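A.B. asks: In terms of numbering that gives the first Met the number 0, the sequence shown has 323 at position 324, counting the first letter as 1, and numbering is strictly consecutive.
Don't take every hint at face value.
As the list claims (entries may be wrong) - Here are the simulated lysine to any residue pairs, SDA-like style, with alpha carbons at most 20 Å apart:
no., residue 1, residue 2
1, Lys326, Arg114
2, Lys124, Ser27
3, Lys119, Ile230
4, Lys154, Leu2
5, Lys104, Leu265
6, Lys252, Lys279
7, Lys326, Lys247
8, Lys165, His180
9, Lys199, Asn226
10, Lys268, Trp212
11, Lys110, Ser137
12, Lys278, Leu318
13, Lys128, Ser27
14, Lys199, Leu258
15, Lys199, Lys268
16, Lys285, Glu334
17, Lys128, Lys25
18, Lys62, Leu19
19, Lys62, Arg114
20, Lys25, Ser52
21, Lys128, Ile142
22, Lys208, Asp231
23, Lys236, Tyr204
24, Lys278, Lys301
25, Lys128, Leu18
26, Lys199, Asp251
27, Lys119, Lys285
28, Lys119, Gly273
29, Lys245, Leu258
30, Lys65, Ser27
31, Lys104, Leu321
32, Lys152, Lys245
33, Lys119, Ser27
34, Lys43, Leu18
Stated by the list, open to error - Computed Cβ-Cβ distance ranges for the label pairs, DEER-style:
no., residue 1, residue 2, range
35, Val149, Ser122, 41 to 47 Å
36, Ser307, Lys328, 22 to 28 Å
37, Arg132, Thr167, 23 to 29 Å
38, Glu10, Ser206, 31 to 37 Å
39, Asp251, Ala37, 45 to 51 Å
40, Cys20, Thr331, 28 to 34 Å
Calculated from the structure, these hints are not laboratory results. Bear in mind that the values here come from a model prediction, so they are computed numbers and not experimental data. Even for Gly, the Cβ is constructed at its ideal location relative to N, Cα and C.
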Amino acid sequence: MDLLSQIYSDETLDFAYRLLCRKREKFSCNNDIWDLRANWGNEKERIKRHITSGAYTFDVVRKFQKDGENIESWSARDSIVLTALYIALRGFFRGTISKSCANFKGHGGLKGAVREVALKITSYKYVIKTDIRSYYASINHEILMEMLGVYIKDKVLLSLIYKFLKRTTYFEGYYIANNEHRGISRSNPLSVLLGSLYLKSIDEYFSAKTGAWYCRYMDDIIIFTKNRFQIDRYVRKLYNLIENLKLKLAKDKTFIGRLERGFEFLGYKFTRAGLEIAKKTIDNFKANISKRLYEPKQHSIKTQEVVSQYVARWKSWVLGGLGNIGKEKLITQMETTSCLTLLFPNPIPLKTKI
């Protein structure tokens, strides 16, 4: 079965449909998921016809802000097509995306990357830790399509992906067309897959270097080296590769130096003495506790129960997937942090309504 046929097959579309139904089972009765569910048989056939003929177009994407972040909401029909695209392309690119890209499914994930960093830190002396400024908003469409064209020869499929890149958004009463030839949506798994592929040249270069160790999670990059000569050479090469992709490093999130000084990565702080919870992770924990303590509740569960449930989930996240790496130190740090936070929560933000 060719790649396009995999995308519009009954098996793939039905699987994507079931995923979306579970995800939106508590959505408002005004959400278009309910119309789709009532007419799924006919809608599925329409999707298949439009994909095969190259006539499929994506609806306007509704954009809104939640907790200070921009969220893009795709229509139910488009969400199914994007999930189907992701499922087919994930299998297609499985052997293409480097093992050093930890966020790709099957490559270890966030906690796998944390485990590897904690184990490798004792074998090296220097670190380059950085990420890319506004990564998803900066991905160049022309470069990405050239990359995809190396592997995908079906013009109908390439056209469908390009239509996804050129989405039109609706935000605060305005329709905004993507005419800048850069930037992809962050609100679906296909974007994560394309984001993983876009940095392939960086993965390939640094993964092949002897005497160094490289890992990437999304756009968070880390390189361990054994001497300063490697540091200087790799920093120059990293800048060149980033510029070739028309991206920029986030200088305020870049750390280059000796491992003895320690560094923060993926929510943890790594030192020679062991693994700790990063300051930013603790600050976010305190802010979320304050939010639950002071904001009016929309349900009947008591505030104490809500806070206790959140603390339990946070502790589970901190320790989850790490095995025994840094366990005792992390437990001590968690208990101290949670106790102090509950006794002395953050002040109420001025904008918070009581």
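A.B. asks: Would you mind marking each hint as holding or not holding in the structure?
C.D. replies: Against the structure, the hints:
1. Simply put, Lys326 and Arg114 have alpha-carbon atoms about 12 Å apart, close enough for the 20 Å limit, and the pair holds.
2. Restraint check for Lys124 and Ser27: the C-alpha separation of about 54 Å exceeds 20 Å, so the hint is violated.
3. Proximity of Lys119 to Ile230 is assessed by CA-CA distance (about 17 Å); at most 20 Å being required, the pair is judged to hold.
4. For the hint linking Lys154 to Leu2, the alpha-carbon distance of about 11 Å falls within 20 Å, and the restraint holds.
5. Pair hint Lys104 plus Leu265 holds up; C-alpha atoms about 17 Å apart against a cutoff of 20 Å.
6. Between Lys252 and Lys279, the direct Cα distance comes to roughly 12 Å. Compliance with the 20 Å bound is thereby established for this hinted pair.
7. Note on Lys326 and Lys247: the hinted pairing is violated, with a Cα-Cα distance of about 36 Å set against a maximum of 20 Å.
8. For the hint linking Lys165 to His180, the alpha-carbon distance of about 8 Å falls within 20 Å, and the restraint holds.
9. Restraint check for Lys199 and Asn226: not satisfied, since their Cα atoms lie roughly 25 Å apart, outside the 20 Å limit.
10. Taken as a hint, the Lys268 and Trp212 pair is honoured in the structure, with Cα atoms around 18 Å apart against an allowance of 20 Å.
11. Restraint check for Lys110 and Ser137: not satisfied, since their Cα atoms lie roughly 26 Å apart, outside the 20 Å limit.
12. Restraint check: the Cα-Cα separation between Lys278 and Leu318 comes to about 16 Å, which is no more than 20 Å; the hinted pair holds.
13. Our distance criterion of 20 Å between C-alpha atoms is broken by Lys128 and Ser27, whose separation comes to about 43 Å.
14. With a CA separation close to 26 Å, the supplied pair Lys199 and Leu258 exceeds the 20 Å bound.
15. Restraint check for Lys199 and Lys268: the C-alpha separation of about 27 Å exceeds 20 Å, so the hint is violated.
16. At roughly 13 Å between alpha-carbon atoms, Lys285 and Glu334 fall within 20 Å of each other, so this suggested pair holds.
17. Between Lys128 and Lys25 the alpha-carbon distance is near 40 Å, which puts this suggested pair outside the 20 Å criterion.
18. This hinted pair checks out: Lys62 and Leu19 have alpha carbons roughly 19 Å apart, not beyond 20 Å.
19. Taken as a hint, the Lys62 and Arg114 pair is broken in the structure, with Cα atoms around 36 Å apart against an allowance of 20 Å.
20. Straight-line distance between C-alpha atoms of Lys25 and Ser52 comes to about 34 Å, which puts the hinted pair past the 20 Å bound.
21. For the hint linking Lys128 to Ile142, the alpha-carbon distance of about 25 Å lies beyond 20 Å, and the restraint is violated.
22. Pair hint Lys208 plus Asp231 holds up; C-alpha atoms about 14 Å apart against a cutoff of 20 Å.
23. For the proposed pair Lys236 and Tyr204, the alpha carbon gap of about 9 Å is at most 20 Å, so the pair holds.
24. For the hint linking Lys278 to Lys301, the alpha-carbon distance of about 29 Å lies beyond 20 Å, and the restraint is violated.
25. About 36 Å separates the Cα atoms of Lys128 and Leu18, which puts this hinted pair outside 20 Å; it is violated.
26. At roughly 24 Å between alpha-carbon atoms, Lys199 and Asp251 are farther apart than 20 Å, so this suggested pair is violated.
27. Distance hint between Lys119 and Lys285 is unfulfilled; the C-alpha atoms sit about 31 Å from each other, more than 20 Å.
28. Our distance criterion of 20 Å between C-alpha atoms is met by Lys119 and Gly273, whose separation comes to about 12 Å.
29. Distance restraint check for Lys245 and Leu258: the Cα-Cα separation of roughly 30 Å exceeds the 20 Å cut-off, and the hinted pair is therefore not satisfied.
30. At roughly 17 Å between alpha-carbon atoms, Lys65 and Ser27 fall within 20 Å of each other, so this suggested pair holds.
31. The straight-line distance between the Cα atoms of Lys104 and Leu321 is roughly 18 Å, inside the 20 Å bound, and the hint therefore holds.
32. Among the hinted pairs, Lys152 with Lys245 is inconsistent with the structure: their alpha-carbon atoms are about 25 Å apart, more than 20 Å.
33. Between Lys119 and Ser27, the direct Cα distance comes to roughly 48 Å. Violation of the 20 Å bound is thereby established for this hinted pair.
34. Proximity of Lys43 to Leu18 is assessed by CA-CA distance (about 15 Å); at most 20 Å being required, the pair is judged to hold.
35. A beta carbon spacing of about 35 Å between Val149 and Ser122 contradicts the range 41 to 47 Å that was offered as a hint.
36. The beta-carbon spacing between Ser307 and Lys328, approximately 24 Å, falls within the hinted interval of 22 to 28 Å.
37. Range check, Arg132 to Thr167: Cβ separation about 25 Å, and the 23 to 29 Å hint holds.
38. The beta-carbon spacing between Glu10 and Ser206, approximately 34 Å, falls within the hinted interval of 31 to 37 Å.
39. In this structure the supplied range 45 to 51 Å holds for Asp251 paired with Ala37, their Cβ-Cβ distance being about 50 Å.
40. A beta carbon spacing of about 43 Å between Cys20 and Thr331 contradicts the range 28 to 34 Å that was offered as a hint.
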